[in-house]
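Sequences are here, hints too, so could you generate the full structure?
Under this note's numbering, think of the first position of the sequence shown as 88, with each following residue one higher.
Hint data in this document are derived by calculation from the structure and do not stem from the laboratory. Remember, it's a predicted structure, so these values are computed and weren't measured experimentally. Hints are not guaranteed to be accurate.
Claimed, not checked - Keeping only pairs whose Cα atoms sit at most 35 Å apart, straight-line, the calculated DSBU-like set for lysine-lysine is:
1) Lys353 with Lys396
2) Lys353 with Lys335
3) Lys296 with Lys351
4) Lys354 with Lys335
5) Lys323 with Lys376
6) Lys351 with Lys335
7) Lys353 with Lys323
8) Lys396 with Lys351
9) Lys296 with Lys257
10) Lys396 with Lys419
11) Lys396 with Lys376
12) Lys156 with Lys296
13) Lys353 with Lys419
14) Lys335 with Lys323
15) Lys154 with Lys257
16) Lys426 with Lys354
17) Lys335 with Lys376
18) Lys335 with Lys296
19) Lys376 with Lys354
20) Lys227 with Lys296
21) Lys323 with Lys296
22) Lys351 with Lys323
23) Lys419 with Lys351
Claimed, not checked - Derived Cβ-Cβ restraints for the label pairs, each shown as a range:
24) Arg252 with Ala478: 18 to 28 Å
25) Glu346 with Ala478: 36 to 46 Å
26) Arg289 with Arg252: 19 to 29 Å
27) Arg390 with Gln367: 30 to 40 Å
28) Arg511 with Ser298: 49 to 59 Å
29) Arg252 with Leu470: 33 to 43 Å
30) Thr404 with Glu433: 37 to 47 Å
31) Arg291 with Ala361: 45 to 55 Å
32) Ala362 with Thr404: 46 to 56 Å
33) Gln355 with Tyr409: 50 to 60 Å
34) Arg293 with Gly339: 45 to 55 Å
35) Glu346 with Glu469: 26 to 36 Å
For glycine and all other residues, C-beta sits at the position ideal for the given N, C-alpha and C.
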Amino acid sequence: MKATDLRFAHPSRKMVQAALCTITLGTAAVGRAEDLTDAQAPAQTAKVDSLSSAEINRSASYAIGDKLKITVFEQLQPDTREGGEQRDIVASAIERPDLSGEYIVQEDGNIYMPLTGSVAVAGSSFQELDQALSTALSGKLNGVVRVGIRLVEREPVYVLGPVARPGPYKHIPGMSVLHVLALAGAADTALQDQWRLLDTARERERLLKSSERLTRSLARLAILVTERDGAEPATKRLSDLVGPVAAKARLGEANSFREVERSKRKKQETAIAAAIQSYQTELAIQRNKLAQVESNVSDRNQRMDFINKLRERGATTDITYYASLMELGDAKERFQDAKAVIAQTEHRISDLQHEQLRITVDAEVDREREIRELQSAIDEEELTRVAVGTALAQLPGTLERQTTGRKEMSFSILRRTQWGLMRRPAQSDSLLEPGDVLQISPSQAARVATQ
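This is the structure we're talking about:
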């Protein structure tokens with residue numbers, strides 16, 4: 088069926104209801120469009136230099152890269168043929184699928200539709216685009232044209248510069264530079280600086296503690312090496328680190344602590360030596376006693392020999408014989424007991440002498456082990472001091488540059504227009520359009536201050 092014959096068609100009840108709604112909405116849109124005067128339409132110019140901050144801050148409108156869903160309706164007149172009753176209550180409106188669809192605003196700011204060709208869109212408001220499309224299509228179609236426009240997709244806003252989260256952000260109507268700065272985390276730099284200051288304080292505390300450990304280790308090492316080698320303590324590194332006066336004080340502290348350790352060991356050695364001396368004295372007494380017991384055993388043996396001779400001649404009794412024999416056995420038993428006591432005392436003396444030697448050897452071994460551990464600890468502390476010192480040397484300049492840059496930032500907007508890319512300075516309240524690139528950079532004064 089031809090489009091010219093559609094006016095004689097019999098639309099269904101649902102189509103009539105849809106047409107009523109469509110015509111009502113379209114009529115309202117046309118009414119709003121007709122109320123616009125020519126003075127309200129934004130003037131476009133072909134000169135790039137004429138784009139000012141006022142144009143940057145103009146109200147929301149369609150921009151390059153926008154994807155639009157455009158639905159075209161053609162309103163046909165009711166059937167009023169002569170000789171027949173009126174069959175349509177209202178005018179019929181049908182969608183034109185050959186004209187409807189999704190359109191993307193191209194780099195030149197236009198969209199391209201069948202029948203109409205190029206239509207300027209960039210910078211136009213909804214009412215202006217609705218009126219422009221309706222006017223352009225009305226001359227190409229037989230009926231009255233109604234247009235539905237829906238914004239499907241917009242390009243994001245891009246943020247570049249010293250912010251916490253640079254990158255693309257979804258554009259919302261009325262978005263300003265200040266909004267984007269809040270989204271990109273420009274306000275977080277102050278909090279980051281606080282954490283950096285806290286890190287600086289921690290690193291300085293770490294450096295102080297490392298220096299304290301290093302000076303104590305150097306003083307302790309000097310005292311131990313002097314004790315081992317019998318030479319003068321090496322204090323050059325310690326003096327370079329804290330100065331001669333403080334180095335002397337640290338050596339005095341280390342020597343005092345070492346004196347306490349030596350005194351403790353000396354007391355142990357003295358106690359052991361005293362115990363050895365006591366046992367040696369006791370051993371001498373026990374040996375004298377052993378000699379007496381041994382002499383008694385010899386006497387008992389001689390007496391027993393004499394009694395045996397008397398017994399052979401029958402000159403003595405058995406009672407005397409057995410009494411002498413028992414006395415000899417007791418003497419021998421006391422002799423063995425005395426020898427056991429002497430052996431026990433000698434064993435105790437040997438243990439004490441071994442303990443005395445062990446204390447001396449352990450002291451030398453512990454001293455040598457501690458010397459090596461101190462040398463390793465000193466090397467580690469030296470590396471720590473170098474690393475922390477390097478970090479601290481860089482932090483003040485970093486904080487100064489970030490603080491200066493945050494206080495003196497400049498903004499510029501890179502925007503695609505019908506005439507190509509254009510860059511203009513912006514303020515915190517400047518409005519952004521879809522596809523805009525917000526460049527954040529330190530101002531000239533901030534760059535001079537950081538150099």
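Verification of the supplied hints:
1. Lys353 with Lys396: Given that 35 Å is the threshold and the Cα spacing comes to 64 Å, the pair is violated.
2. Lys353 with Lys335: The given pair, whose Cα atoms are some 26 Å apart, holds under the 35 Å limit.
3. Lys296 with Lys351: holds (30 Å)
4. Lys354 with Lys335: holds (28 Å)
5. Lys323 with Lys376: violated (64 Å)
6. Lys351 with Lys335: holds (24 Å)
7. Lys353 with Lys323: holds (31 Å)
8. Lys396 with Lys351: At roughly 67 Å apart (the allowed maximum being 35 Å), Lys351 and Lys396 break the hint.
9. Lys296 with Lys257: violated (50 Å)
10. Lys396 with Lys419: holds (21 Å)
11. Lys396 with Lys376: Measuring from Cα to Cα gives roughly 31 Å; hence the hint holds.
12. Lys156 with Lys296: Violated: Lys156 and Lys296 sit about 68 Å apart, past 35 Å.
13. Lys353 with Lys419: Violated. Lys353 to Lys419 sits at ~44 Å, over the 35 Å cutoff.
14. Lys335 with Lys323: holds (11 Å)
15. Lys154 with Lys257: holds (14 Å)
16. Lys426 with Lys354: Holds, at roughly 32 Å.
17. Lys335 with Lys376: Measuring from Cα to Cα gives roughly 60 Å; hence the hint is violated.
18. Lys335 with Lys296: holds (20 Å)
19. Lys376 with Lys354: holds (33 Å)
20. Lys227 with Lys296: violated (87 Å)
21. Lys323 with Lys296: holds (21 Å)
22. Lys351 with Lys323: holds (30 Å)
23. Lys419 with Lys351: violated (47 Å)
24. Arg252 with Ala478: 18 to 28 Å: holds (25 Å)
25. Glu346 with Ala478: 36 to 46 Å: holds (39 Å)
26. Arg289 with Arg252: 19 to 29 Å: Given about 26 Å between the Cβ atoms, the range holds.
27. Arg390 with Gln367: 30 to 40 Å: holds (35 Å)
28. Arg511 with Ser298: 49 to 59 Å: Since Arg511 and Ser298 have Cβ atoms about 54 Å apart, the given range 49 to 59 Å holds.
29. Arg252 with Leu470: 33 to 43 Å: The hint (33 to 43 Å, Cβ to Cβ) holds, given that Arg252 and Leu470 are roughly 36 Å apart.
30. Thr404 with Glu433: 37 to 47 Å: Holds - the Cβ-Cβ distance for Thr404 and Glu433, about 44 Å, lies within 37 to 47 Å.
31. Arg291 with Ala361: 45 to 55 Å: Given range 45 to 55 Å: holds, Cβ gap about 54 Å.
32. Ala362 with Thr404: 46 to 56 Å: holds (53 Å)
33. Gln355 with Tyr409: 50 to 60 Å: Hint holds: Cβ distance 56 Å, inside 50 to 60 Å.
34. Arg293 with Gly339: 45 to 55 Å: violated (27 Å)
35. Glu346 with Glu469: 26 to 36 Å: holds (28 Å)
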